[in-house]
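Q: Sequence:
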Amino acid sequence: MRKKNYDIRVNESWCKACGICVDVCPGDVFVLAEGEKADPAKKENCTGCMQCVNLCPELAIEVVEKEEEDEDERVRFHARR
Numbered sequence: 439m440r441k442k443n444y445d446i447r448v449n450e451s452w453c454k455a456c457g458i459c460v461d462v463c464p465g466d467v468f469v470l471a472e473g474e475k476a477d478p479a480k481k482e483n484c485t486g487c488m489q490c491v492n493l494c495p496e497l498a499i500e501v502v503e504k505e506e507e508d509e510d511e512r513v514r515f516h517a518r519r
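Residue numbers for the sequence shown follow the working numbering, beginning at 439 and rising by one.
Rather than coming from a laboratory, the hints here were simulated on the basis of the structure. The structure presented is a predicted model; accordingly, all values stated were derived computationally and were not measured. Treat each hint with caution, since some may be false.
[What the hints assert, rightly or not] Cut-off 30 Å, straight-line C-alpha distance, at most; resulting in silico cross-link-like pairs (DSS-like, lysine-lysine):
#, residue 1, residue 2
1, K481, K454
2, K480, K454
3, K441, K504
4, K480, K441
5, K475, K441
6, K480, K504
7, K481, K441
All chains should be built: construct the whole structure from the sequences, respecting the hints.
A: Here's what the structure looks like:
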């Protein structure tokens, strides 16, 4: 079984630190320190809902799906060899 993970990228030159991504993210992926740009500090919490991408007024966020094998799948694969 493969677990979906997401790579989240914020274009810092486009980000205006408005905080919309922080407000809409159900996984609390983003943090926004005072005077700083959005930081996807908790990427492992991303569900891939794309709310941040769809609502960012500056189009500064990109979410890319990547698949990784979970630990159980790796163990089963190696056991079959």
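Q: Could you work out which earlier hints the structure fails to respect and list their numbers in ascending sequence?
A: none
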